[in-house]
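A.B. asks: So the chains spell out like this:
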Amino acid sequence: MSISSFSVAVTGAGGSGAVTTGLILLETMAQQGFYGFMIRSSGPQIRGGESAVMMRFDTNEMLSTNNQFDYLLALDWFNIERFIDEIPLGANSLIIYDLSAGEVPEILSQSKAQFVGFDLKKLAKSIEGGRSNMVGLGLLVNTFSLSNKSINKAVNKILRHKGEKIVTSSIACIKTGMEEQSKNNTWSVHNMTPIFEKDPGDALKTESTRWSITGNEACGLGALKAGVRFVAAYPITPATEILEWLAPRLENLGGGLLQAEDELASINMIIGASFGGVPSLTATSGPGLSLMMEGIGLAIASEIPIVVVNVTRGGPSTGIPTKSEQSDLNISLYGCHGDAPHLVLAPLNISDAVFTTYWASCLAEQLQTVAIVLSDQFIGQSRAIINKPSFHEVNCQRTTLSKETFSNEQEDYQRYEILDNGVSPMSIPGTKGCMYTADGLEHNSKGTPSSMSVDHIAQLEKRQNKLIQFDYGAQWAEISGHGDVVLITWGSSSAMVNEAAQQLQKQAYAIKTVAIRLLMPLPIELLSEALKDAKKVIVIEQNQGRQLFHYLHAQNSLPLNAHAFARSGPLPLRPHEIVKFVQEVL
Amino acid sequence: MTIELKPKDYKSDIKPVWCPGCGHFSILSALTKALAYLKIPKHQIGFVSGIGCSSRIPAYVDSYGFHGVHGRGLAVAAGLKAVRPDLHVIVAGGDGDGFSIGGNHFIHACRRNMDMLYIVMDNQVYGMTKGQASPTTAPDWVNKLTPHGSGVRPFEPLAIALASGSSFIARGFSGDPSAMSKILVEALQHPGFSFVQVLSPCKTFRPEQVEWKKQVHNTFIEPTNDSVLAAQRIHSDDGMGLGIVFQCKIPVWSQHSSIQVDTQNSFEAKIETITSEFEL
Amino acid sequence: MSKEFLMIKSPEHLFAQVYAMKCESEDRLQDLIDSLNQHNNKAAADIFSRTIELIKRSIENIEQRIQGMQLPEIPPWESQWHYDVQPDLVCIENAHYLMSPLQALELAIYNEMRLQEFFKQQVDKGVNEDVRLIASELFFQEKQLIEHILSWKVQFENSEIEQNEDFDPPNIPE
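Protein chains in written order, with this note's numbering: chain S, 1 to 586; chain Y, 1 to 280; chain E, 1 to 174.
Since the hints were made in silico from the structure, they are not lab data. We treat Cβ as the ideally placed atom computed from N, Cα and C, and that holds for glycine. You may find that some hints are simply not true.
Mimicking SDA-like on lysine to any residue, the simulated pairs with C-alpha atoms at most 25 Å apart in a straight line are [stated by the list, open to error]: (1) Y:K270 / S:A534; (2) S:K388 / Y:K6; (3) E:K153 / E:E78.
Listed below are several chain S residues computed to face chain Y (Cβ distance under 10 Å; list not exhaustive) [what the hints assert, rightly or not]: (4) E27; (5) V116; (6) W211; (7) P235; (8) E261; (9) S280; (10) T437; (11) G440; (12) Q555.
Next comes chain S alone, as it looks inside the complex (with noise of 0.2 Å):
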């Protein structure tokens, strides 16, 4: 049976080079032209304790998990009851494993999957300074038909830098490896050879260029495309490669990552380093977030543009910090106090992110307000290789008082100006003429503090307005399919949304899909035009609390018979559980 995509999992105990063995495997499969994603899963230790990798692969652009792993390949059995929840496994299953490991854990030999083993350590042994993981990974890439060239390019890719030495031993124990899968015939008793209905070296040839980038990556890229050049920033799980990956391409382009002290000192030297003129980051997690809340709310009061990406994790408080979830929406869209308009953008997937970052920091500049972007752990942390992504340029100008348009002749500056748009014109620290104080403290349009109803009922509507008039265009969501029955979702849960809705297209149901960017302000029109046909509406996200829902009702924009597919994290949604729940719905 051909198919187009497959997944394999790798474990074993940290050090173990589980890890390792993802990276090298998903760069080859990338550079033989498969495309695909990686996520990584580890126990709380930092260093040593367990370690797992989960991969899938496709001949296109894929971004979803599966359903349930073809093959999981284990070094060893070192806790691996923490990850079984995360490999589903089944009797089309294929587990490769270490002999000299021991005995199969009872949890395993539960699943109806088959088993092949192999002594690993001897057949290591016999290669100097040879390792069990790459011997391993050879068992898999023999299966894959996986060519020298993209095996090597991968190795040295990947361990380059830890000399010549390792580089040599690594490839000798992968060809060790598919050697031994070669002369072993478990793979085709059980149809384990995967035939694939379209050449994945299709994949070489076109024009497009193929990236592999994390999710984390992917933001940090969109915010240097629009023009961000300051982030203050404090450490936090999921978010931290985000600002190791911009503090030195920062200094590169003329800007610059200052490490704060606190949450609570990250978002106040953003709002310092904007008001100063320079487009402005923080990213981090929920409890982060929540530090920040208070920052946030000055932002939007004293309408200066900043950039806060939240990654989002297992809530709350501490939570899972080493797993994805979609329940920090509540605190994006409520978080302040008083009535504080701003924009809440989510990527849908770890391409998207480029797009969705640069977009929400281009919107922040241009509307002077904060813009909250929902990343979470699942897009973050994994890895994929995708189609390089392209999208138009928007404007990501700020609307600044420079003193070619202000002279001392016209009247007082009016920082908070009441103009149609809603956009006053700010003016930048070191112009003359146009000198003015930003509050936090209600104002009225010069700046002065002010407790004037007629102030406060003109600002706040200012606030709103120059959000809810903008048009944001068609990029407000992904709209895919046709038909009356209809998936609402946001985020990470985008892609495997959208697998359910193909194979459920598959078995001929009309599935029309609605994966949202633009959270808030919702585009409420937009939204009822594309739910205008819909029989049955159903929204689905990984969080316990139906956060999207309650805030689509809220907005009246949901069909009082609508559904709710909403669970929890720290598992990653599955399509067939999407499908399942549509079926019994309809």
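Given the structure of chain S, go ahead and fit chains Y and E onto it with the hints provided.
C.D. replies: Showing chains Y and E alone in chain S's frame:
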């Protein structure tokens, strides 16, 4: 052609709402004198504050100002200075704003030694919220929120500043605006983080502070650059010693920081290079 | 505690000092007037308003006298007042939002009396004849000014209330 600005010119049109008799008037006066003396262009001043009576000062100065939230002035100023080293950044706040909620930022601002001036207008009370104890209030001062006094040893700003690495530490008194203006001129000229605590009596909630003028003493005639000596001075002082206690020359933050914000040049080519890093 | 007596070396030096201190006095008085008005104590503010008019006139006098003179620049901390005669010092810290007109009068007089003392010291201890002469003139001008202010006292002699009572509790604006 630069026009000679008088201290009056540095004041904005907005009349302060401080109580008559408030020490903050003197501080505003001394500061405007210092700015005029140094001929600092008004539009190149970024005046940042938090929340409290003291924090209202930016509105009363004719410059760019930022009136942020309680305790976070130093953080805003750090971001502003990091990207705009060309601006003269002044931060002002009270003892509650600076040493209670802002305590953490105070320590790290001292550590960073960014070139800016931080004035704390210390009246040992939370004036804006009707008179509660602040971190610098004596432990036996009775008020509604702490009816038996706080019972806790007061925060020692100069000691903390020294331990945290501030390179300029001084104490002034609103009752001696002339001396204060000298301290402020020195502080503004000092390359690095200048911390000036100004004892500024609160007429309304701490009327007994009128006695301060009898208690202050001009102890610190000359600053020392020896931190051990400075520590001795600070610890043997009763908290009412005036003058520049400590001043040393250490690298300013911008000298060793890699952040050099350049918004003039386009970096198109470099963005392309960064983008191409992801290619297989 | 007092600062040391400063030997004024020349008329220009004297005028520079006096001019600076009078302007400073004017500024601080204006602050006080605005503040008292803001705090709804018009009676006390009024006393200072009338005082500031006198100060402004004496400033105008000085400006006429220094026409054509080259005055030395005096940095703000070099005003050579005795510590407890600094006008702005007293001006500010003895004010209170509930102060009575009589208390305001005392404050206004106190400033001018200290200025008078400064001139007296220059007359007594100065060595430059020109300086001593001018200081003497200015001493008498101050005396007149003080008498003028004292003449207002009669308007308030019958008011019994030492300090007004505030029937409203304090606000919390922020």
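A.B. asks: If you test the structure against every hint from before, which numbers come out violated?
C.D. replies: 1, 2, 3, 5, 7, 12
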